[in-house]
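From just these sequences and the hints, can you work out the full model?
Protein chains: 2
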Amino acid sequence: MILESIKHPRQLKEMSLEALSTLASEMREALLKKLSAHGGHFGSNFGIVEATVALHYTFDSPKDKIIFDVSHQSYCHKMLTGRALAFTDESKYDDVSGYSAPYESEHDMFTMGHTSTSVSLALGLAKARDLTGKDNHVIAVIGDGSLSGGEALEALNYAGEFDGRLIILVNDNDMSIAENHGGMYLGLKELRDTKGKAQNNIFKAFGLEYMYVDEGNDIGALIEALSIAKTCSRPVVVHIRTKKGMGYAPAEIERESWHATAPFDIKTGERLFSKNSDISYANLTALHLLERMKADKTIVSLTAATPTVAGFTKDRRDIAGKQFIDVGIAEENALAMASGIAKAGGKPVWAVNSTFLQRTYDQMSHDVCLNSSPVTTVVFASSILCGSDVTHIGIYDIPMLSNIPNLKYLAPTCKEEYLAMLDWSIDQDKYPVAIKVPGKDFTESGRVARADYSKCEYEIVSAGSEVAILALGAFFPIGETVCEELLARGIKATLINPMFISELDTRTLEKLRPNHKVVITLEDGILDGGFGERIARFYGNSDTRVLCYGLKKEFPFKYTIEGILKENRLTAPQITEDIEAILK
Amino acid sequence: MILESIKHPRQLKEMSLEALSTLASEMREALLKKLSAHGGHFGSNFGIVEATVALHYTFDSPKDKIIFDVSHQSYCHKMLTGRALAFTDESKYDDVSGYSAPYESEHDMFTMGHTSTSVSLALGLAKARDLTGKDNHVIAVIGDGSLSGGEALEALNYAGEFDGRLIILVNDNDMSIAENHGGMYLGLKELRDTKGKAQNNIFKAFGLEYMYVDEGNDIGALIEALSIAKTCSRPVVVHIRTKKGMGYAPAEIERESWHATAPFDIKTGERLFSKNSDISYANLTALHLLERMKADKTIVSLTAATPTVAGFTKDRRDIAGKQFIDVGIAEENALAMASGIAKAGGKPVWAVNSTFLQRTYDQMSHDVCLNSSPVTTVVFASSILCGSDVTHIGIYDIPMLSNIPNLKYLAPTCKEEYLAMLDWSIDQDKYPVAIKVPGKDFTESGRVARADYSKCEYEIVSAGSEVAILALGAFFPIGETVCEELLARGIKATLINPMFISELDTRTLEKLRPNHKVVITLEDGILDGGFGERIARFYGNSDTRVLCYGLKKEFPFKYTIEGILKENRLTAPQITEDIEAILK
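Quick mapping for you: the protein sequence lines, in order, are chains A and B.
Going by this note's numbering, the first sequence opens with residue 4, and the numbers climb by one from there.
Going by this note's numbering, the second sequence opens with residue 4, and the numbers climb by one from there.
FYI, nobody ran anything at the bench for these hints, they're computed from the structure.
Heads up, a few of these hints could be off.
[To be verified] Ranges of calculated distance between the beta carbons of each label pair, as one might list FRET restraints:
no., chain 1, residue 1, chain 2, residue 2, range
1, A, G136, B, D455, 28 to 34 angstroms
2, B, P480, A, P576, 34 to 40 angstroms
3, A, L388, B, I564, 43 to 49 angstroms
4, A, D299, B, H41, 58 to 64 angstroms
5, B, D281, A, A584, 57 to 63 angstroms
6, B, E218, A, A224, 57 to 63 angstroms
Glycine residues also receive a C-beta, built at the ideal position from the N, C-alpha and C atoms.
Structure below.
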């Protein structure tokens, strides 16, 4: 096997085209075997095998810098840069992360996982190269789907006037996670149809040099094009047409569902686990919204290229019709557009993963909240319990959202509350609302949830004394367990379901004062700037003690859910122990 | 005077072209008189007089919705929508804000002041129109400078596939605040040069219909074009060429300095106040960086279209040469590019107003901090003491920045500390650093500032007991005064200059515990998610009382600096009073 012998990409330079082609086959085979057992990003990696080989043949990494946008398609790059065993040796599958990772290799420049950043980062590397008098190449590798993100478009525009060398490889497989959205994609199609000759050319419109490679899965053609691009004295786009999922029939056909996959049976393509379980909040959301859309034609669900986050699979999108909008990778536009919809009497529901919501801090603040636009934002994957790579973890949304004026950030604890909050938010027209989805799979409490969330009023689930536990959202069950453990020790604590993250129910908090010595706060996110600190400030000038439980402010690179909870003293026994120590 | 008789834009419909032309002259005259006495945005308003008249002649506001991007160029729109007296009657000059304001008029849909939002907002209005079965027109009016912002580019792309009516009026005056930046502007020039016929057309590349009006200051030509656009069944760009500052010679020539102006002498054009005083942090920053750039060619200053925020006037930009980058209105690209520069050995300093920094929450988190890129961000206008319209106020940066992992957010209190922090940040290569500029004009403390800010260590300015005052950044002088007032009452308080916003000096905080009953925190920003709450959490499980002083979480629409400080009990006498009450 050639692949396993590749310890450094420079080895490729001595290989014949034929050998490179064999290598590519081996890479695809390794990918198939690993992903069938392990799961991961499928389609884009299968499409970019040849381009990655050609890049490493043509350039000298790590002196030359190759930046993979999002970096979910950098598996092949990892194989060629000293990490082949993580793809060929089952016992080493977990030795590498699914994204570019500087701690793994000097061939990876950035930890990244959000889209549309590569051109900006590459521009910076190129600028520093010129300032420091070096002469290396910088190559941004960006998929067509990522092109529509504001950060990428801003960078393409600036690249058009940048006076140095820069290569932008556009890997065009005619797909985002789902189908592409936006007018520019008609133009890309025209370019593919005319083999790069169409006059309507978005890259030239940004002032960039332009080259087209129709055979984006042909190593020879790619090497030829890249060798020419290498000589270009100013920023140049190399637009290559590739086939998403190439080499594995099911993935070539069902491109959306094979963007990323759970483990599967290679022969049949059948998944061993389904991605969204029946009891996922994603499915619940889509089904509920579809039901409501039938009766109310002004309800509209929005996504920025991740429709299944809220359960909107292709069939459901078709049912929703004009009441479903996918703006493509363009979070800023999604949220600002939602504000416009809300201002003119529509009822927009924007579903987004916590990590991608970060793109819209200003839109949330200005376009939505400054205008009190009644937009509903449903924040998925906003829980440490969901688990995720450091590049996608959702533990920062409480400080990000809850300190924006006018926004009601709500934390349901169960299915019933979630749906009640969603319905209330859709039906009211006064407040911008965000709802923090508590974990991934829902639990049914069986209780009837409150219908109105206009006024911030915590729910006192059980009244006690000495200790009050304010257990927010997904961490409510931890609070319940602590209460039980305390009760076993003869302490009847007060258990509160706060539900409101961004406001204080000062009346309830005042009432706790006389007969509670300690107030415990529990939140599913970092503590800094969060819910607990607001409570600590409230009680700052009093004898009431406040202990805040949540996560440390950090980027957790490697963790297990169990481990990180323990490390942060977020298990019921640990909290119970702390409370006992105070009450002694 | 026709202008004063205009109470509603429908009155324009009965006017002849000649009368409309007279009206335009009166509008320009009123603008000149008001701005000479009052100051405000000059160039863009002078350029857009005729287009505003034509818009209101052609469309039926408020049924039809006209959304002015940034809205600093909506003065003429205000004149024609019932607010003429605010431009013709000196005593009413302050009756209107400088931006579109729904509380002033039903002709203003959004409170706005950040660039590049109009197309998204308009798309939302158009979508809601279609969902609710209405038939009004929606028009986004966007300047060429705003086109480069990610939010606008995302929206143009989505507009290219939007299946409803939408008009995008591109007001092309070949200028941002300073000159435009980015490859697309060469394309716009080509379009102007060929009267819209060039094949290289960014709007068509986004899939939009396109019309060009060369005489963008000719009411007749504009009405004709808009009347055609009105019949277009899908999104159409009407690209008009206008003259920034048109009708006032000094502003036609010196377009950058006349973008916005202080009061001036109409005859000579001479300003009655200079914009950046000699003791401004802006001038200090530019001069200091220019000095350092001479000795170190890897230092590079970045701006997103607001070079003078850090004092980089045209002459200074010329001196800096390749060590100054203006990426145009494109904050996301500016910061991500800075991260790339830092990763490859350059020393980037990004200067930005607090309010515009909001555009880069995700870039700060992912592109910079997740990668520990040693980028220096200097946060200007991040003080309530600067005063500003609600659309530009800088009181939210503490919760926004200080809760992002890995970022050192520093708060200098004087010139000496500011420069020491700036130098330290530039010279180190471990931390992403942001510096909160304390107000606008600097004070010299005369003290030698610490050189190293790697380790979070507060400065104990004077040691006392009973009360400790942690007075952050621009609010340090309030802390000093409180200490003096307490001393006059026989209480010797401890005064601390914390300097570090995003970290806790737990050693110093621990030391305060035994002999201090109360800890006071003072911060120049909203309290929620801020510095004081972190301190309150720290002392949560102890007898130490904590009182946090800062601003309420809100969007302050109308306020005076004195008034808002008093309202939030941020004056020294109020704080002293509170402390006395606790110590009793």
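Outcome of the hint check:
| no. | hint | result |
| --- | --- | --- |
| 1 | A/G136 <-> B/D455: 28 to 34 angstroms | holds, 29 angstroms |
| 2 | B/P480 <-> A/P576: 34 to 40 angstroms | violated, 49 angstroms |
| 3 | A/L388 <-> B/I564: 43 to 49 angstroms | holds, 45 angstroms |
| 4 | A/D299 <-> B/H41: 58 to 64 angstroms | violated, 47 angstroms |
| 5 | B/D281 <-> A/A584: 57 to 63 angstroms | holds, 58 angstroms |
| 6 | B/E218 <-> A/A224: 57 to 63 angstroms | violated, 49 angstroms |
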